[in-house]
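Chemist: Chain residues, written in single-letter form:
There are 2 protein chains.
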Amino acid sequence: MASPSSPASAASPSIHTASVPPGSVGFVTPQRIQFEEPLALSSGQVLPSYELAVETYGVLNEQRSNAVLICHALNASHHVAGMYADNPKSVGWWDNMVGPGKAVDTDRFFVIGVNNIGSCFGSTGPASINPATGKPWGASFPMLTVKDWVLAQERLADYFGIRRFAAVMGGSLGGMQALGWAITCPDRVGHCIVIASTPRLSAQNIGFNEVARRAIISDPDFHGGNYYEHGTVPKHGLAVARMIGHITYLSDEAMAARFGRTLRAPNANGEFHYGYDVEFEVESYLRYQGEKFSTYFDANTYLLITRALDYFDPARNHGGDLAKALEVASAEFLLISFTTDWRFPPSRSREIVSALLKNKRAVTYAEIDAPHGHDAFLLDDRRYHAVVQGYYDRVATSLGLPQRRSVTGVLA
Amino acid sequence: MASPSSPASAASPSIHTASVPPGSVGFVTPQRIQFEEPLALSSGQVLPSYELAVETYGVLNEQRSNAVLICHALNASHHVAGMYADNPKSVGWWDNMVGPGKAVDTDRFFVIGVNNIGSCFGSTGPASINPATGKPWGASFPMLTVKDWVLAQERLADYFGIRRFAAVMGGSLGGMQALGWAITCPDRVGHCIVIASTPRLSAQNIGFNEVARRAIISDPDFHGGNYYEHGTVPKHGLAVARMIGHITYLSDEAMAARFGRTLRAPNANGEFHYGYDVEFEVESYLRYQGEKFSTYFDANTYLLITRALDYFDPARNHGGDLAKALEVASAEFLLISFTTDWRFPPSRSREIVSALLKNKRAVTYAEIDAPHGHDAFLLDDRRYHAVVQGYYDRVATSLGLPQRRSVTGVLA
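For the record, the sequence lines run as chains A and B.
Each residue of the first sequence is one higher than the last, beginning at 35 in our numbering.
Each residue of the second sequence is one higher than the last, beginning at 35 in our numbering.
Computed footprint of chain A on chain B; a stretch qualifies when at least three of its residues, placed anywhere within it, have a C-beta under 8 Å from a C-beta of chain A:
#1 228-242
#2 292-300
#3 307-313
#4 318-329
#5 337-345
So the derived label-pair ranges between C-beta atoms look like this:
#6 Ala-302/B with Glu-96/A: 50 to 56 Å
#7 Lys-326/A with Pro-300/B: 35 to 41 Å
#8 Ser-174/A with Asn-121/B: 45 to 51 Å
#9 Gly-168/A with Asp-311/B: 27 to 33 Å
#10 Asn-164/B with Lys-123/A: 47 to 53 Å
#11 Asn-121/B with Val-80/A: 51 to 57 Å
#12 Pro-300/B with His-257/A: 26 to 32 Å
#13 Ala-420/B with Glu-325/A: 46 to 52 Å
#14 His-307/A with Gln-65/B: 35 to 41 Å
#15 Gly-353/A with Ser-124/B: 43 to 49 Å
#16 His-352/A with Asp-311/B: 23 to 29 Å
Going by beta-carbon spacing under 10 Å, a handful of chain A positions derived as facing chain B:
#17 Leu-235
#18 Asp-253
#19 Met-277
#20 Ile-278
#21 Leu-284
#22 Ala-290
#23 Glu-313
#24 Arg-321
#25 Tyr-345
#26 Gly-354
These aren't lab readings, by the way, just hints derived from the structure by calculation.
Just so you know, even glycine gets a beta-carbon here, dropped at the ideal spot from N, CA and C.
Between the sequences and the hints, there should be enough to build the whole structure, so can you do that?
Modeler: In structure tokens:
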């Protein structure tokens, strides 16, 4: 295993304060870390070696006690906060959550964003070269589970010399990884923060994933997963998959408020065109999202990650008893759900809360009345962020970290 | 226009009582009726002539006052009740609702099932020959609206010499047609029965339709809608479209109860296979439904009907005021919704109820506590059928039709 050149952040926000908004970690540089030791996977297969793309924000303290790991969901990456110097629009996916003075305060915490294996944003995945063949892995890339990601991330903790994370945190699939940490590496996580997540997918959730996969797999450009060699991309299938996903991320209410039945470009009489080109704003939006996604996301990654979602079910090896599965967990927990999230509704978070309470674990649970659906976990909601910030204040106090400095304009 | 050979049913259930279950209309024979007068459509296009596939059950009385029109939803047809002599499994899609002694009692009512233009079960549609070219219409078949279907059906009423329907009835898209009848031909419908429907699709509804259409249109076998000439069928796209639709027809609860996370055929250790072949029962079910559908349903019909769903919005020409749109309606109304229907939830039916009450129309509204989701309108639910039966008893009484005879085993 490689050794860290510096455990501190590659970015130094103070240098760039003139050109970055307040509360931003500023310009950041991702790093890639190579792990040579083979990784035994849940499937029985072995990944001979792997690379993880990582970003860090803030400074790891001497005791290495202030580290926070942020786990990403389906289509995100290690780029959690800040922006890249060559593209000021490249803002991290949880930039509203992570930064100096923000809910996850990089003035006090050392935050790691990591891209998972199997993904397509820099870590080893299906588009990477299989060292055994010299060709892209493609369809032969091994199947993955949430536990596999946790084990790969554990080596990242070792790399940084972090014995125990102050917190492991994520939304949606990221929340599953946080929960996975609490179960698989119970002594290495102080606080487990699980947002808009579920202890297992429902039949409906699996159904939507399966339709998305069928759309990709039945695209003739997919070539059984080996499209890299054919110089094709299953764009149509990937776009359809993304459109399906997108609908499930938004609440009915949010779609009504944002699009309603507004026409995109009615004819001269304000009427329909009567055809299959875009009539309604919502069609235009979904098509755009689907097409954009198909230009940058890897289809094999989409398949792998949706399958890992399907497989996640820590209670499965405990006769379906989630409380038993969580018996080993020693972390304290924060769970957050959103009222209009119909993908992973509050009832799913409450299952986790109940299972933890059966084990007499310390649990904080917040159900945020938000209109946005599942996507709410990514959005700027004052009450939501206040809950997270309050929780991190408590984490910081318990670890004896310095007081939070007041930052004007951020969560005032 | 052709003249009816006999306005009564083509089927005579009594002949077959030995071989058909009690309450069935028995063996039925569809008829096709040709309409030569051009039909001006909402789009501005004109359908030069058309044929309607029709089934009838029961006997039209002398006053022609006991006729009920049943309108179908996306994937159904004129085959509402009974079965075909050559295939005893070919039971009509609303056979549990329509028959002697059933909620829609064919001992008292003359029931017409009609396949809409644009469909693929016998009426003129995209797969029919365009008389102007001698080739299948394909992509050149005109776009349709609910109002177009109502106008085409109105000629069917004329054909049977029915001045006024005792009732026009339908579920989902069929309910939209019933509502369309009450608005477009107010003096020709006595009772309007709208089940599991909506006054207009939501952005989410349109979104799901659009994803289904993209799946079909981006299938290379679609050939811009002219796949008949290419000897292909866009099966993959159609299967994906059907899978999406199917998920929206079922409630989360119903899918959980029916499939849960049950594995289809786990490996010898009861574990996952780790791959993209079927792991979960729900995947197997959805794939099967999708594949089956793609063998008999026409892709252009799927596009046409989903677009007609999108377009339906009677309030649109009244500044969005549904009450204004319903001002012309003189029918009495029965509305029914199902608690777990998230496609067209009870709130959508209540919008119609409110708009009717603003116009001081007679409205009966039932919200059925059923676990099945949108599909509930097709299922055998005692309370639901009792509401419909009670309503039809009132219709029969007001028309002076004979009393319902008691049939053992049916809605006892």
